[in-house]
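Trainee: For this one, chain L is given, so just place chain Z on it according to the hints.
Protein chains: 2
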Amino acid sequence: MSRIQRLKEGRVREIIELVKAEGDRAVKFLTKKFDGIDIEQTEINKEVSGSSSNQVNRQLKDAIAAAVINIERFHVAQLPKGIEVDTVPGVRCKLVYRPLKRVGLYVPGGTAPLISTALMLGIPARVAGCSELIVCTPPPVNPAILYVSSLLNARVFRIGGAQAIAAMAFGTQTIPQVNKIFGPGNAYVTEAKMQIAAAGIPIDIPAGPSELLVISDETAIPKFIAADLLSQAEHCPDSQVVLISTSTAIINETLNEINIQMEKLSRKLTAQKSLGNSFAIKVDSIPRVIEISNTYAPEHLIMAIENPNEFENEIVNAGSVFLGNFTPESVGDYASGTNHTLPTSGFAKSWSGVSLNSFLKTITLQELTPSGLYNISSTVTTLANAERLDAHANAISIRLNYINNRSKNEIL
Amino acid sequence: MSRIQRLKEGRVREIIELVKAEGDRAVKFLTKKFDGIDIEQTEINKEVSGSSSNQVNRQLKDAIAAAVINIERFHVAQLPKGIEVDTVPGVRCKLVYRPLKRVGLYVPGGTAPLISTALMLGIPARVAGCSELIVCTPPPVNPAILYVSSLLNARVFRIGGAQAIAAMAFGTQTIPQVNKIFGPGNAYVTEAKMQIAAAGIPIDIPAGPSELLVISDETAIPKFIAADLLSQAEHCPDSQVVLISTSTAIINETLNEINIQMEKLSRKLTAQKSLGNSFAIKVDSIPRVIEISNTYAPEHLIMAIENPNEFENEIVNAGSVFLGNFTPESVGDYASGTNHTLPTSGFAKSWSGVSLNSFLKTITLQELTPSGLYNISSTVTTLANAERLDAHANAISIRLNYINNRSKNEIL
Chain L
5 MSRIQRLKEG
15 RVREIIELVK
25 AEGDRAVKFL
35 TKKFDGIDIE
45 QTEINKEVSG
55 SSSNQVNRQL
65 KDAIAAAVIN
75 IERFHVAQLP
85 KGIEVDTVPG
95 VRCKLVYRPL
105 KRVGLYVPGG
115 TAPLISTALM
125 LGIPARVAGC
135 SELIVCTPPP
145 VNPAILYVSS
155 LLNARVFRIG
165 GAQAIAAMAF
175 GTQTIPQVNK
185 IFGPGNAYVT
195 EAKMQIAAAG
205 IPIDIPAGPS
215 ELLVISDETA
225 IPKFIAADLL
235 SQAEHCPDSQ
245 VVLISTSTAI
255 INETLNEINI
265 QMEKLSRKLT
275 AQKSLGNSFA
285 IKVDSIPRVI
295 EISNTYAPEH
305 LIMAIENPNE
315 FENEIVNAGS
325 VFLGNFTPES
335 VGDYASGTNH
345 TLPTSGFAKS
355 WSGVSLNSFL
365 KTITLQELTP
375 SGLYNISSTV
385 TTLANAERLD
395 AHANAISIRL
405 NYINNRSKNE
415 IL
Chain Z
5 MSRIQRLKEG
15 RVREIIELVK
25 AEGDRAVKFL
35 TKKFDGIDIE
45 QTEINKEVSG
55 SSSNQVNRQL
65 KDAIAAAVIN
75 IERFHVAQLP
85 KGIEVDTVPG
95 VRCKLVYRPL
105 KRVGLYVPGG
115 TAPLISTALM
125 LGIPARVAGC
135 SELIVCTPPP
145 VNPAILYVSS
155 LLNARVFRIG
165 GAQAIAAMAF
175 GTQTIPQVNK
185 IFGPGNAYVT
195 EAKMQIAAAG
205 IPIDIPAGPS
215 ELLVISDETA
225 IPKFIAADLL
235 SQAEHCPDSQ
245 VVLISTSTAI
255 INETLNEINI
265 QMEKLSRKLT
275 AQKSLGNSFA
285 IKVDSIPRVI
295 EISNTYAPEH
305 LIMAIENPNE
315 FENEIVNAGS
325 VFLGNFTPES
335 VGDYASGTNH
345 TLPTSGFAKS
355 WSGVSLNSFL
365 KTITLQELTP
375 SGLYNISSTV
385 TTLANAERLD
395 AHANAISIRL
405 NYINNRSKNE
415 IL
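Chains L and Z, in that order, give the protein sequences.
5 is the number of the first residue of the first sequence in our numbering; add one for each residue after it.
5 is the number of the first residue of the second sequence in our numbering; add one for each residue after it.
Chain L with its partners taken away, still in its complex shape (with noise of 0.2 Å):
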C-alpha cells in the first residue's frame, strides 16, 4: 500500500470513528472544516426542497420528465418475477424479492449539479419500491438536484464526503440509518464505501475513475470516435480513454479530429489531462479486439464495427455496451434508460452496474407436506450424520415417528 493510500485511509477511519462517536455533532464539524459552510440543520426541508421548482428552467425540467420516462421503462421491465418449484413432491420451494427499505444516494458536488447521477439511483430505488431514499449531497446543493429529489420523494441531507457516508452507515440524531449505500465520489467518499463495506454495509460498486474503450474497424466514423473518446475524457483528469482498431487510417483521422474538436471545449484542460492516460491500438482482426477488450473489462464500451450484433454475445467483461456507429455513450449516461452506474477500473470482470436487482434482495421459503418430509428425509439424515449433527438428524425423525403413530395413512 502507498503511503498516500495509507493517509487517506486513515483519516477517512478517523472521520468514520468520529461520525460513529458523535453523530450529528461530527457531521457539523466536518463539514465546516471541509466544505468551509456552516450548516444548522443537516436535512433540507421539504418546503425549500419543493419550491426550488421555481428555479430550474421549463427545458431542463422536460428533459428530466423525458430522461425519467425512459429509465423507468428500462427498470420496470427488470422487475423480477419470483418463483415457485416443488423439488421433490410434497416439498415447495421459493424464492420471492423484497425491496430494500431505506437506500442512501450519495449525489456528488462541485462544478456542475450531477442531476442524472440522483436520476440513476433514484428511478431504480422507487422501481423496485424502497421505501425510503435519503440522498446526501455536499452543500451548496444545486436547486436542480432538490427539484430531482423531489420528484423521486426523497429526504435530502446537505452533506458530503466520508462523514456523508458514515453517517448514512451508522445513522446519527437527525440521519438515518440505511440498508445500502449508493452512489459515485471522490477519493475519500470510495474510501469511506470501502470501509463501511468492511463493517457489512452493502455498497452498489467499487468506484474508480470512469473509462471508455471504442473499438472499431474501417466502417467507423472518426469524428464520432473523437467525439465520444473527449467525451469521457473530460469527465475528470484521471479518466481514460481507449481505441482499438483495426484500421491504422482510423486512428490517425481520430487523433487528428480530437485535437480539432478538443480546442473549443470548456473542459479542454481536464481532457487534456486524461489523454495524457489514454492509447491507440492496431490490432489485427475484431476476434483479437474483443480478447482485449474482455480483458480490459471497460466501464463503456463502444463497439464502432461493421456488425456488432454479430460479437455481442462475446463481450463477457463490460458494464454497459454502445452497439453501431450512432450510439454514442452520452445517450446512455443520460436517457437511453440503461443505468450509468457502472463497474470501472476493470472491476467489471466481477461486479454488475446498478440495476433493479441492486434494490432488491432475496428470502427463499419452503414447505413440505408429510410425505414431502417422507420423501427427503433420508437423504437429510444421511447427510446430518455424515457432518455429525445429531439434533439435525432428530428434527426429521422426531416428526416421522409422529407421523407413523398417528397411522401413515391419516397423515400422508
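Worth flagging that the hints you see were computed from the coordinates, not collected in a lab.
Every clue listed holds true.
Given that identical chains are not distinguished, each listed pair holds provided it fits within a single copy or across any two copies.
Calculated cross-link-like contacts (lysine-lysine; reagent style PhoX-like; alpha-carbon spacing at most 25 Å): (1) Lys85 to Lys98; (2) Lys12 to Lys24; (3) Lys12 to Lys37; (4) Lys32 to Lys12; (5) Lys36 to Lys24; (6) Lys24 to Lys105; (7) Lys105 to Lys50; (8) Lys37 to Lys24; (9) Lys277 to Lys12; (10) Lys12 to Lys36; (11) Lys50 to Lys32; (12) Lys50 to Lys65.
The model shown is predicted, which means the values in this text are computed figures rather than measured ones.
Mentor: Same frame as chain L, now just chain Z:
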C-alpha cells in the same frame, strides 16, 4: 472497536500482506503454523480427488446425488432471462447475464466434513455457468469433500484460514485469483473476507454465528420445535435460537422437551452453550410476532403457526423461511433445494442469501438507429449542458449534423 477485534484485524491484515507479497511460500508457512501440516503442493491432484470416490460409502453417495438433484432443480429455476426494451422508438436497450468466470469456494474444516457447504456453493456456480471452481479447505481434507469437488469438477487446494482467502483474492504461483469469494468460516476467515471486500473483491455475504427464530401459536408441536431449536443450537457455541409464541403452554412444553432431547446429543455441550445466548418470548398476537421477526431479521425462520401462508407476504427480513409443522430447518440445510448460505446477525435486512444470481453479473447494451438518436437528442443535450459537459453534447450534435448533411430522408 474492541481490543480483541483490533488484534484480529491486525493479524489478518498481516496474513493478507504476507500472502500478497510471498505467495505460495507464505501460504505453506502459514499452513504449517496454523494447521500444523507440511504441504508440498497446495493443490490436490485430480487422481487423488478421483480415487476419493472409493472412500465414500454407497448410502452417502446416494444422499449426495439426491441433494444435488433438488438443489440443482431450485437453482436452474432461477436462471434469468435477459430483457430487451425499446424505451423510445429507435432506442433499443438490453440487459444480459454473464457467469462469473472463476469463483472461490471456501469449505471450512474442523470436526466434520461440510459436504453441504460444497454442494450449496458448487451447484449454483455450475448452473450459472462459471467456468472454473476453486475450492479451498484446510488439511487434512476429508474424502467426502474431495468426492463432491470431483463431481463439481472443481480444483481443490488444501489450504484454509485467512491465508486461503488472501490466496484466492490476489492469486499465488499455484492458486488462481478468483472473481468472487464464497463460503463460511471461523472468525479469521470472516475477517479476511471483510478485508478483501474493502479491496473491491466481491464476497457472498458477511458471515456471523448462525441463528434460528421459531414463531408459533397454540397449534405448534413442542417436541418438533425443541428438535429444531436444538438442531440450530448444536452448530456452534455462539449460535442463537429464539422462540416467540402466542402460547405460554407451548413455550413451557418446548423448554421441557429441550431438556429431554438435549441429553442424548453428541454435541450436548455446544448446544448448552448456545442455549445460554437464547430466549423465549410470549406475545399477544401473530401480527406482533411478525413485527418482532422482521426487526430481528433471522437467518432461519420457522413459522409453526396454523396458516403460515396467510402471513408469508409480511415477512420482509429473513434468510430462509420454513412453513408449517413438517418443515424442519434441517431440510433446508441439506436437501429441500434452497440454498443454506444465508445472512446472519440481522444482515437479512440488507443482504440476500446465496442464489443463482450470486454467480452472475449483468451487462447492459444499447443500440440506436439514427432516428432513435434524433428522438432523444434534445433530452441528452439539455442534461449534458446542465451538467456543463460540452463534449457529451458534442457527441450528439456531431452525429445530428452528419445526418442532416446526408439528407435526413436518406438516413432516418
